[in-house]
Amino acid sequence: MLLIRCPYCEEERPELEFRNAGEAHIARSANMAGESDDDFEKFFFIRSNPKGIIYERWRHMHGCARFFNAVRDTVTDRFVMTYKAGEPKPSKLPGVGK
Amino acid sequence: MSGASHRISGAGRFSQAKTARFSFDGQSYAGIEGDTLASALLANGVHLVGRSFKYHRPRGILSAGAEEPNALVEIRRDAARKTPNVRATVQELYDGLEAQSQNRWPSLSFDVGAVNDIASPMFSAGFYYKTFMWPKAAWKSLYEPKIRAAAGLGVSPDQPDPDHYSSRYAHCDVLVLGGGAAGIAAALAAAETGVRVILADEQAEFGGSLRFESGAKIDGQDGFAWAQAAVAKLTAMDNVRVLPRTTAFGYYAQNFVGLVERVSDHLKAPGHDLARERLWQVRAKRVVLASGAIERHMVFADNDRPGIMLAGAARTYLNHYGVAVGRNVGVYTANDSAYAAAIDLKKAGVNVAAIVDLRDNPTGPVIDEARALGIEVNFGRAVIRAGGKLRVSSMTVQPKNGGGERTIPVDAILMSAGWTPSVHLFSQSRGKVAFNDETKRFVPGTYAQDCVSVGACNGTDGLSATVDEAYAAGAKAARDAGAKTAKGTKPKVDASESWSRGMLGAAPGAGPDTTVKAFVDFQNDVTAKDIRQAVHEGMRSIEHVKRFTTNGMATDQGKTSNMHGLAIAAEMLGKPIPEVGLTTFRAPYTPVTFGAIVSHARGPLFDPTRKTAIHPWAEAQGAVFEDVGQWKRAWYFPKAGEDMHAAVDRECVAVRKTAGLFDASTLGKIEVVGPDAAKFMELLYTNPWEKLEPGRCRYGIMLREDGFIYDDGVVGRLAPDRFHVTTTTGGAPRVMNHMEDYLQTEFPHLNVWLTSITEQWAVIAVQGPKSRDIIAPLVEGIDMSDEALPHMSVREGKICGVPTRLFRMSFTGERGFEVNVPADYGQAVWEALWAEGQKHGAAAYGTEAMHVLRAEKGYIIVGQDTDGTVTPNDAGLDWAVGKKKTDFVGIRGMARPDLVAKGRKQLVGLKTKDPKVVLEEGAQIVEDPKQAIPMKMIGHVTSSYWSENCGRSIALALVAGGRDRIGETLYVPMPNGVIEVEVTGMVFFDETGGRLNG
Chain A
1 MLLIRCPYCE
11 EERPELEFRN
21 AGEAHIARSA
31 NMAGESDDDF
41 EKFFFIRSNP
51 KGIIYERWRH
61 MHGCARFFNA
71 VRDTVTDRFV
81 MTYKAGEPKP
91 SKLPGVGK
Chain B
1 MSGASHRISG
11 AGRFSQAKTA
21 RFSFDGQSYA
31 GIEGDTLASA
41 LLANGVHLVG
51 RSFKYHRPRG
61 ILSAGAEEPN
71 ALVEIRRDAA
81 RKTPNVRATV
91 QELYDGLEAQ
101 SQNRWPSLSF
111 DVGAVNDIAS
121 PMFSAGFYYK
131 TFMWPKAAWK
141 SLYEPKIRAA
151 AGLGVSPDQP
161 DPDHYSSRYA
171 HCDVLVLGGG
181 AAGIAAALAA
191 AETGVRVILA
201 DEQAEFGGSL
211 RFESGAKIDG
221 QDGFAWAQAA
231 VAKLTAMDNV
241 RVLPRTTAFG
251 YYAQNFVGLV
261 ERVSDHLKAP
271 GHDLARERLW
281 QVRAKRVVLA
291 SGAIERHMVF
301 ADNDRPGIML
311 AGAARTYLNH
321 YGVAVGRNVG
331 VYTANDSAYA
341 AAIDLKKAGV
351 NVAAIVDLRD
361 NPTGPVIDEA
371 RALGIEVNFG
381 RAVIRAGGKL
391 RVSSMTVQPK
401 NGGGERTIPV
411 DAILMSAGWT
421 PSVHLFSQSR
431 GKVAFNDETK
441 RFVPGTYAQD
451 CVSVGACNGT
461 DGLSATVDEA
471 YAAGAKAARD
481 AGAKTAKGTK
491 PKVDASESWS
501 RGMLGAAPGA
511 GPDTTVKAFV
521 DFQNDVTAKD
531 IRQAVHEGMR
541 SIEHVKRFTT
551 NGMATDQGKT
561 SNMHGLAIAA
571 EMLGKPIPEV
581 GLTTFRAPYT
591 PVTFGAIVSH
601 ARGPLFDPTR
611 KTAIHPWAEA
621 QGAVFEDVGQ
631 WKRAWYFPKA
641 GEDMHAAVDR
651 ECVAVRKTAG
661 LFDASTLGKI
671 EVVGPDAAKF
681 MELLYTNPWE
691 KLEPGRCRYG
701 IMLREDGFIY
711 DDGVVGRLAP
721 DRFHVTTTTG
731 GAPRVMNHME
741 DYLQTEFPHL
751 NVWLTSITEQ
761 WAVIAVQGPK
771 SRDIIAPLVE
781 GIDMSDEALP
791 HMSVREGKIC
801 GVPTRLFRMS
811 FTGERGFEVN
821 VPADYGQAVW
831 EALWAEGQKH
841 GAAAYGTEAM
851 HVLRAEKGYI
861 IVGQDTDGTV
871 TPNDAGLDWA
881 VGKKKTDFVG
891 IRGMARPDLV
901 AKGRKQLVGL
911 KTKDPKVVLE
921 EGAQIVEDPK
931 QAIPMKMIGH
941 VTSSYWSENC
951 GRSIALALVA
961 GGRDRIGETL
971 YVPMPNGVIE
981 VEVTGMVFFD
991 ETGGRLNG
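In order, the protein sequence lines correspond to chains A and B.
So the first sequence is numbered by the numbering used here: it starts at 1 and just counts up by one.
So the second sequence is numbered by the numbering used here: it starts at 1 and just counts up by one.
Just chain B, same shape as in the assembly (with noise of 0.2 Å):
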């Protein structure tokens, strides 16, 4: 056992412990194995830990637990591991632990940031939105930065996250969470009738209050210990599953909880292997929620100084940690529990100054035991002021209705206004809670979902009733959950503690009548006078209170500060306090890391990577990839001291001169197959499919139900009931689901299969002059002729003795064919097909080409040319809109007013008038360059491109009256000029279509 100065020996449960060294601000300390940082800091005499956010007072260990509002520190493992606002109560000790304060500079002990607090009459509640208002331009510039820098306690981390962190889903029957006597006794009665029982506490240790409380007995064991055993059982069971150091963080619909589980973060060389954190996401029949109550402090001014505080904290610091707060301490209270915490420190060896109970005459054996302990009881007082700065120093006591004043000098001041139940996750659960006007709190009103509260959390006092309500509980819920048998036998409590009440508020001393500093809120330095303010300047409800003066809104979520916030704003408003109402809860409980959520979803693995079987040979050629939704697709292919641009024009001048090979597997392909194949098609696509004979292909042109054009594609009917139907690359899967919607709801009379091809079938388009020679060697079984195989037509047979589906057709206006070959032998077909390409002088060419031979055919992209607010009379396809139909889906929504109407913007083509001039896309179309700004602006360009074929640059636009404008000009304005543009058709290259048989 470590030397350190407040380590009492015989003390605590760890006394066998090995030691633990850590450095705190760089002074190395002893600790043991066991300890928190935070009680290890204590063993060393260390309360003073942290500054305040607004007026970087110095603060000290406010608790034991995860409520904690000011010891929040950065643990330093290496240059990456920097994890800031970490709990010192929470943070359990390992050898070699680094820590360092916050929110200070230049030390912890001098912080220039504290003239915050003697200027603090300026920054009262609202302060920021009254005072930097004007002017207005300084916002931007001067104040918010400021703030900015100025805000915050922890720095962030400035590195990649290196740890790794896991997840997993669980169901169970009967989650219990919090591992009190309360959590402890429901899982056991739950797990003896055999259901699947998950048990989850936020500690190290099961236990819960039990940590502390030297006076509970159960089954003839001290408390703690039975714990330990029953925990132990239960870990033993196959249908349970125990957590610790696991926090419910969440409770959502239909009881799936959020749990996160602190796998490593306590160990001093976590490894590797060990995920830092786990994110369990448990579904559960039924829950048992025992998840305890939090002590209040007392509301007086200069309560915030360090070695003030929590009476529960204290206590467990020397029944768990063996560590004494202080070696004088002072006891101010409203209720009985602190009492407890006097007695054991005085049993300890620690000198107890005086109890100061706000009560006039209270009752009870622990009152009796302090007494004959020699402890001197002060009733009706109220210790108004408290001495010290870095260290509280004394306590001031005054009666509560006035009188004299005397100090006493201590060196630490435990407090307890009484306890809050944690409703938390019940109040997440959508349950509401009801207001208990005789005990003051608020607990469990009206249930939303499978679930039941027990223990202090419930309101329920003393451990005898506890241990009953809970054991009844989780046997209930094991029932619910379709439990049949249970044998097992309820726990004994033999003996236990009972406290009473407390107070809500500010004491006497911090009243409306006062101006110190009485804190309500530490974590955001709100104090009563604060919140009174609030009231004043006209906040009536608690939600207005609460956001003008931030109580309860810092990371502990005003777990010790809500209620007494509420009381004062109650009283200051002349309401009662259900009538105020709380603050809605809100997960997550305490912080949870991004990485705990974000898992394994991170780099390569955030969203799914989609790659052609033609992929590595694009790879092995050296193409630069675009992403195309998920797609990786070859967007050029550079050779040796090519640029983009370069590399783009090679490849557009050998598709038109010999040929080239483009890898258009990405294409989405649906097959549409049944007796009414095509009477379907007729519904889904503008144009009439009745009549296109087996062996033919149309330009198919989808529309949604408003009539503006949602997808396209070239579709081949290979048989009377069979349809191979293409899609745009990222329109495939909602294009699936509009087919499969329609035909599943609007027209489920039909016969018709609709099967995704997309990955089942790689596409090599094989596009120029010189592409059915390059093919015509390798196929079997089809006549390539242009009278047996014309331009859009489709034949099965074989490549390179594979299946094929054969397509004749272009999308750059050359003779073409797109072999679809089943995507196995993709790669293999491509490579016998780049042979004989090799020998007529074929390009690969990238996306980028086959944007620019598209454009420079006035080919449209969906998407790119196309907003979701074009009709296919805008994009000049009017041809592809059977005009004897009777239905399809669009037909009524583009016959709507103002789709027929005149002056839409319809697409057209640009030419600039300089011709080396390449516009922007985006680029904002105008009619007179010499407007006032803002100009009307009556168009924007689509597509634009360096067109080498043309030898100049050709662009697509949407423009209001496009088509009535052929031959007008135009203006582009943009920064550096106003470019004039022509207005053009849309097809830039081979205007009578002579190639595609050329």
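Here chain A stands alone, though its shape is the one from the complex (with noise of 0.2 Å):
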């Protein structure tokens, strides 16, 4: 079982805690009905699925119950870092080369 720190309640938990709730840093339209065909179909249904590092959403559903982003590698499933809803893509990520 993975432990999360939830950047919230600043503190690891584990996994049983926590939901998935997709890939993250997918904004969602200001002008919703205006969006093209194209635009809409990679606004909702194209996802990265990266093998590496994905950027996604947890929600501490047994906790703070708050959403917040998550840097994870697909391939160890180890959380790089977390950070809370509406912060920056982060540019740098810590142990992780380049």
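Everything labelled a hint here was simulated from the structure, so no lab data went into it.
A couple of the hints might just be wrong.
[Unchecked claim] Where chain B lies over chain A, by a calculated footprint (3+ residues, C-beta under 8 Å): (1) 50 to 57; (2) 62 to 76.
[Stated by the list, open to error] Simulated pairs of lysine-lysine, DSSO-like, Cα-Cα distance not exceeding 27 Å: (3) A:Lys-84 - B:Lys-679; (4) A:Lys-42 - B:Lys-885; (5) A:Lys-42 - B:Lys-883; (6) A:Lys-42 - B:Lys-902.
[Unchecked claim] Examples of chain A residues lying across from chain B (beta carbon under 7 Å, computed): (7) Ala-33; (8) Glu-35; (9) Ala-85.
We put the CB at the ideal spot given by N, CA and C, even for glycine.
Two chains, each in its own frame: build the complex with the hints.
The structure is reproduced here in structure tokens:
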């Protein structure tokens, strides 16, 4: 069972307390009704599914109930870092080369 | 002490122990307390304990530990407590133990299935894949049932497990897995710093190989005695938890380790206070792996005869249990450690017929000592065959490069091909093993987690080096986990045994030029020939060889066989071993019971059961309940002599004639509060909310971003900044999650609070022409007139003296109310309303009548009439979508080309031509019943009931282009004939809706 650090509780807690909520940093358009079919397709259906570093949303369901963002390595399953919802995508990751 | 035939007086550690009687296959024997079932059987001269999996060959006891592939028996306590496939080498003896052999009929010594051994050329590797291909139809009817009946060893218990199991979480700084010399030394070093330590070992007693290593001396004591003293010291420390009989079976992410503790399987009468097993889920800052090594057997012809066993096991039986495994034993080895076994047995008075050593000219003190004791030692020779059937009777020896044979009579053969480091847990931790070319061993290479391997499992040879390494690693693990001080002393190894190498693969006489049965994997009956055949037939990867031959795939997971199998495959492929690669070790290390994993989560504790405040009243009335998610809901309230049909008809008629009371407490309820509450509602629902006046209600539809209906419910605006939202019963948690998601991440600028109030409010629906008459006398502070409280409005006041949110709304089409009261008052208010209702002839109705009544009015149920691919337009709910709105969740998805295309499935009503026929929900609908099969299906029935109020059956259906088909005749083909239906509108009763105010 993984340990995940909730950036709001500032604690590492077991995976059981959390729910994954899909890929992060996919912004909903401010002009949703005006989106083209192609843009809506990209927004709603297309996901990156990387081998390696993924940016994703988690919710501390059985804790503070907040949504937050996490950087996880899909190869090792290791959480690289977590950060609060609304914070920008980190440009530098701790312990990751390049 | 018992007078068992093979117990050696003065040997073993249980000389003062009490006798324990036990039975095996109905025959009674005497053992002693401290024995395993295996040692007790051997003490009585019993080697034949089972039949093999495929060939039904007689099998004996191979090992003295968890790696045992052969000695699998059934242990019976009573009719319900029958445990199959218990390793006799692990099962501790208790007085009265009953064991049965497996996989034989009619008896262990005469087994009809042994014909498979004679017919074995038929059953070579890949036999099933190749033989049962044709005819195709026979697979299902003939082959599979026969193969399944013949497969497997033990028989599953046929009654529910009466035992209970417990489960604990634990945290520690240093978790030490394995309690031999290495584990104990590491635990001592860590514990002395004061950090929290857990030490676990699978055996009843700590000591590991010190149980048999008679040459070990530590701190001036015999090795085993030192281990007991050290563990006693650890047990007495407050910061240490010592767990014997505890197997670490799985190593998971971030030092999360699963252990199972056998709490009472070794006790004569455990009683019900004790759990049978306890699951430990441990999170450790550092893990020290001290899992030791497992001895390999020699691969030669008929090496599976009972009486042939691992040399280290024979030594354990002698030095720990005081049992001689034979009176005239032969030894076959490629490694020094078997000499030590021969020496110990010889000293105990057992005749050692000969040592056969495959090596050409080994030298060393053990060899000299064996010779000095007068044991015949043969170098450069191989045992090419074992004689005997139910018990080994001889070994045939030949120079390894060919030459004259010599047959030596023996009653046991002790064998050792060397020791395989137990890297199972390390491998499970995702560490990568590395092959040491010099010692021909896979040892821990690259670590993936915060753990360290010490001792034999790390490829460290010799007790002295092991203790040094383990003590240092234990101290470092403690420091890494935060320890500051260390004040202990390292144990001093005074005398130690040291063994060199061994061999991998088939021994001479079992090479590619032979057809003998030289077993590699005893439990799955895989021979050296099978592995060669797999390579011959084109398997190149060790993963394919493994699956084709099933080598290493039995419950012992190839603890003794993997390395031999790999070496034989590598030789055939002409590749070095590391290039062929080791198969991945997976959890569990040894089999784990379902009981331990399930623990208390069974029966009523399997899943939470949610009951409403009114549940006890419904139960007392004899309601029949149905499960809706985790909720128990009253389904219908049968009166004496009524079946479900009669009860539901009566309830439906009562609601429309007078009134009905319905427990709607399970409906999801969410309070949306804040200055931006209306703005938030505008974004989450299709409907407009800004202009809804406080005190009024509206039916709301929630979509997902893709434009499909996600949930629905009536929403009341209590104040400009306060909405009381209702959701479907099953949808409440996901609707709350959906709302929170958008509020926290997409619309965080909105000042809104969301609170689940499902459990806080009990809801009593009072529906029917007399509903107001029933409620009004109990209400204070609310004007109940139609003018003051019209349909779709909400007021706060009091009922029966307690606060209420009183909704005027209807899910039946009748004048109706939903009385919300704090849940604690739910049943009292219900009873008061019930008493009032009795004056008017009201009935209690359940969820079935609720379904019928709403279907009569064409009100949909999300999840029944919709399935996640239905838009508001499809459901005929376009009126609920705010046309002037510029944004809400789903606004864009709803406009996708396919969602606005013609011919989509739309919700319509169906009336059967024969009004008495009730359609089946889920039945498919076609245009032309005479078309060829497969027919073109244009829709399906979503809801279907007998409506007593309409005097006929009614149904809702999703039909392609449905609304344009109203008046058309369609067909529902069923097994007993085709049903003719007419497409209608969705409202079957009171089309004008006049009864809402009736």
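State the violated hints by number, sorted upward, taking the hints as numbered earlier in the document.
The structure conflicts with hint 1 only, although it agrees with all the remaining ones.
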